[in-house]
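There are 2 protein chains.
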Amino acid sequence: MTLQIDSRDLAFLLYELLDVDALADRPRFTGQGREVYNAVLDTARGVANEHYAPFRKDNDQHEPQLVNGVVVTTPGLKQGWDAVAESGLIASTHDESRGGMQLPHVIAGAAISFLEAANVGSASYPMLTAGAANLIAAFGTEEQQSFWLPPMLTGRWSGTMALTEPDAGSSLSDIRTHATPAPDGTYSIEGTKIWISAGDHELTENIVHLVLARITGAPEGTKGISLFIVPKRVANADGSVGGTNHVTTAGLIHKMGWRGTTSTLLNFGERGPCVGHLIGEANHGLLYMFHLMNEARIGVGRAATAMGYAAFRYSLDYARTRKQGRLPGEKDPTKPPVAIIEHADVRRMLLQQKCAAEGSLALVLACARLVDEQETAPDAAERARATLLLDVLTPIAKAWPSATCQDGISNAMQVLGGYGYAREYDVEQLYRDNRLNQIHEGTNAIQALDLLGRKVTQQQGAAYRALVERILQSVAEASAIAGLAPMADALRAATERLTAVTTSLVSAMRADPTRGLANATAYLELVSRTVFAWLWLQQATVAARALSAGASGDAAAFYQGKLQAARFYFGFELPKSVADAALLLRNDPAAYDMQDAWF
Amino acid sequence: MTLQIDSRDLAFLLYELLDVDALADRPRFTGQGREVYNAVLDTARGVANEHYAPFRKDNDQHEPQLVNGVVVTTPGLKQGWDAVAESGLIASTHDESRGGMQLPHVIAGAAISFLEAANVGSASYPMLTAGAANLIAAFGTEEQQSFWLPPMLTGRWSGTMALTEPDAGSSLSDIRTHATPAPDGTYSIEGTKIWISAGDHELTENIVHLVLARITGAPEGTKGISLFIVPKRVANADGSVGGTNHVTTAGLIHKMGWRGTTSTLLNFGERGPCVGHLIGEANHGLLYMFHLMNEARIGVGRAATAMGYAAFRYSLDYARTRKQGRLPGEKDPTKPPVAIIEHADVRRMLLQQKCAAEGSLALVLACARLVDEQETAPDAAERARATLLLDVLTPIAKAWPSATCQDGISNAMQVLGGYGYAREYDVEQLYRDNRLNQIHEGTNAIQALDLLGRKVTQQQGAAYRALVERILQSVAEASAIAGLAPMADALRAATERLTAVTTSLVSAMRADPTRGLANATAYLELVSRTVFAWLWLQQATVAARALSAGASGDAAAFYQGKLQAARFYFGFELPKSVADAALLLRNDPAAYDMQDAWF
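So the sequences go chain by chain: A and B. Residue numbers for the first sequence follow the working numbering, so the first one is 61 and each next one is one higher. Residue numbers for the second sequence follow the working numbering, so the first one is 61 and each next one is one higher.
Hints listed in this document are in silico derivations from the structure and should not be mistaken for laboratory results. The beta-carbon is built from N, C-alpha and C at its ideal position, and this holds for glycine as well. A few of these clues could be false.
Dumping the calculated BS3-like pairs for lysine-lysine here, alpha-carbon to alpha-carbon at most 27 angstroms [unchecked claim]:
| no. | chain 1 | residue 1 | chain 2 | residue 2 |
| --- | --- | --- | --- | --- |
| 1 | B | K383 | A | K283 |
| 2 | B | K117 | B | K138 |
| 3 | B | K283 | A | K395 |
Okay, the calculated bits of chain A under chain B, using three or more residues with CB under 8 angstroms as the criterion [as the list claims (entries may be wrong)]:
| no. | segment |
| --- | --- |
| 4 | 268 to 282 |
| 5 | 624 to 632 |
Using the sequences and the accompanying hints, generate a full structural model.
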């Protein structure tokens, strides 16, 4: 059964919704266009289906092991890595001068989603490597770039991000890893990092860790954090790899899912000198790291999307073929059973999944498209607007797909019944794998604090206003289309509600930040449902226009599906935001007032 | 850290909320009372902590294996079985004349919940055995009872329920297992059953399967199903065990969780004669089986409750000891981090868990209390009312704890962050184990159809009216208490909404059953949230009275916690039912209208 992103839907999102064709006019993308993009996507799909999907279960069943200090992984992991390295996808968005393909982020993101749908435990290695390389490309010196990027972009070396420490968790302000300046301009790194994904393995001859640490004498808190390149093995000047740089794996953590990706406890400099190379200016490390974290957060949302998508298509296939029971009106037990897709509740579960998976894909691709806009739009105002929209959408793109696609995968499991719970089938692994996405790269509660406490208030609310402006543009367009006016009206009303809530919470935060932020999670839910309604209204608009223009046959059925999913979203999902809005308008004190002793 | 039901809360539910003391007046319970009940509960807690909890992970890591046709399990499973058999808990509700303790169901249920909180994969063996024994006690002949019950109640033999078949799934009407009458009055059974929990193992010398099958010539559909006792091994007249009765295990199914309990594919009579003994009348089997299924459904809810409860207490302990971050108002990074329970969002996640776990425990114990009422209330009208309430509450008791406690366990995982996702900790297993509860004993969608399509309409809505009457009694009581009036008003309004919805759906079902039942799942959610609000209003009422009566110190803090949880429920959870009610009043057609070709 299908465990992949649907190509027709992907083409719809890229070309009909997100107008990727328009990028062809930009100097960076000269000579590109649908033909190139479709070839890239076909390559990615091929790699995913040939070298990733077959090892999904293998990853799950044969977790990496630490044997005599060496991390031993299954052969499938290496096969996937080599295939993706050879495909050039790690370097897809990089400059052609550095061996990249100079592709738009929206295409690169779509390509990677195939790998993530097929086998997320393997896909994280190239993803983290690309992220680390992107950060070096953005903030490294020319010398650093020309030294570190070639081996990373070609897959000879891999990369990680090493932020979290055992005692600090989400609180980066409390990071204690230490960097002592050496006379040669390098630093000696000492400390412990935990949950470092892809933090140790033998897939590549070296691993390039991007490490947050404090230089001797640095100020307390986030203003004293610097960023370092710290290779696992000594990187010689000629590009060859020497002995250990004393990054040692103290242990592997055994996760519920996502088992192909090592999760490591790393000691830096415990057993000997560990050399780090400062990126950019001292004490600006967190700022740089946010470049990678923002990319990684959208990446988390995309991975969640891909898994939700895989479960959706899988359970859809199942529902079409599995025959069971009869419709409630049918009392004759001699009539043959129906395919379970005939049961309205099964269609409800499939529609929830469709809304979650396709809506999430629309969101994460829209974010990637905004990165392209931010980097290549000819107009400075347009670039600035893209940055604002990205700022406000990033926490949503991280958190909401991880949550709504988990609900989706849970529905996929329910569609399969007992089979969904059995390891002999594929859904239960997706349920375990995707659950991580609500936790890593900042828990969803951290995203909620970022959204309400930072993104919504920054620049006097400019990012929030940019979002509302875009939503109201879509409302205006949809209002003009027969049949869409009720949805347009509902979204306008939801947006007004959201603005009333936002105004009220911003003034509550001014009076008392702790009290004002107490229900940030409900706020994240409210904004997320509004944003998803917006994405579905846009898709309905495109679909309605295509139908008016005379689409027929399979094409018409596809557009009808988009319209019906939008109706479902506005009927079953968006109304949930009314209760959240009311809760937030009174800033319900129940959780805030609760006392430890009362539990 | 704690992984158990809280004794103070349990005492509150049993004695302050459910008035278990009142049972002492009933002839069946002569000589019993709190002292006896607390001794039983202490025993159960001791067995759970000594012989169940230590093997929770062992069960998970060392799944039963099929080796040369024999199911091999870990030693811990046998230790748990022997301990519970010796404790007498399998026979707890049975007549003293049969070696039972003649305990109320509400006490037996509370006792079993300790085992389920400690290790559900082990607890299912005695639970299924008790259920099978209860059914034989209810419908077996005197001869059958005196033959089969003693070895089951003492734990020498165990029991199962064997309903589901590979091609029938939830549709019992399509069962194909065949029973051929033999001259000696027994039957020869042939067929295949799937997902039979505890269906094979060597914990006991025999396994007593209760099997649904069709006797030669029986009518099609549910009206042609009979119920049989089918032992794994031949049961000799003297009570000894002979050779195989040709119930063979064709395979074990490997589940995401709940791994201690074997899940089997069983062939009956494939390799030789398989003798079955008819229970009760031919073709009435489903009716009898519903006795066991209703008990099992409440049991599923109780198991979910126990797991949700374990995760709640575990994450509460963690939140009290784990220090991380500072409150949003604190900008000084040199201040020490706070315990994470200081963060409002962590308290939100703990309150959601408290509402889910303690609310679910109130519900499943209330159901068990109704079973006692049904069996022992002196007044016939009271017994009849208990039956009506049980009818309508059973699908809710099965479905809602399984769903809301899964949300709770997910929140527990989120409270622990990365540690919650790591197998080195305990929460992720609860997340995997409990997920089954939404599927087995009839998926939650099946419960929704049962609730709306059967329970609400039966006897011209008598069960529904009995529920509303009880809810309005609680509303009236709470209205008279200072501070509770707003919650009482909200519950009254919710109940009126529910009645409007119910009336509207009943007439829709009359017009077209398929259309009327299309949104049954939303109806189940609506009723469930209303019932939980009712349970929390009752708990708030008891707590408010105790506080008025001068409770102080720890006792006062406990009651304050109940009050605050009720406020949380009415602020954060009950309002979600408004959107469901609106959806149901218009009987939203989005899922119903969706077409296969549009996906």
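Hint by hint, here is what the structure shows:
| no. | hint | result |
| --- | --- | --- |
| 1 | B:K383 x A:K283 | holds (21 angstroms) |
| 2 | B:K117 x B:K138 | holds (15 angstroms) |
| 3 | B:K283 x A:K395 | holds (15 angstroms) |
| 4 | 268 to 282 | holds (count 3) |
| 5 | 624 to 632 | holds (count 5) |
In this structure, none of the earlier numbered hints is contradicted; all agree with it.
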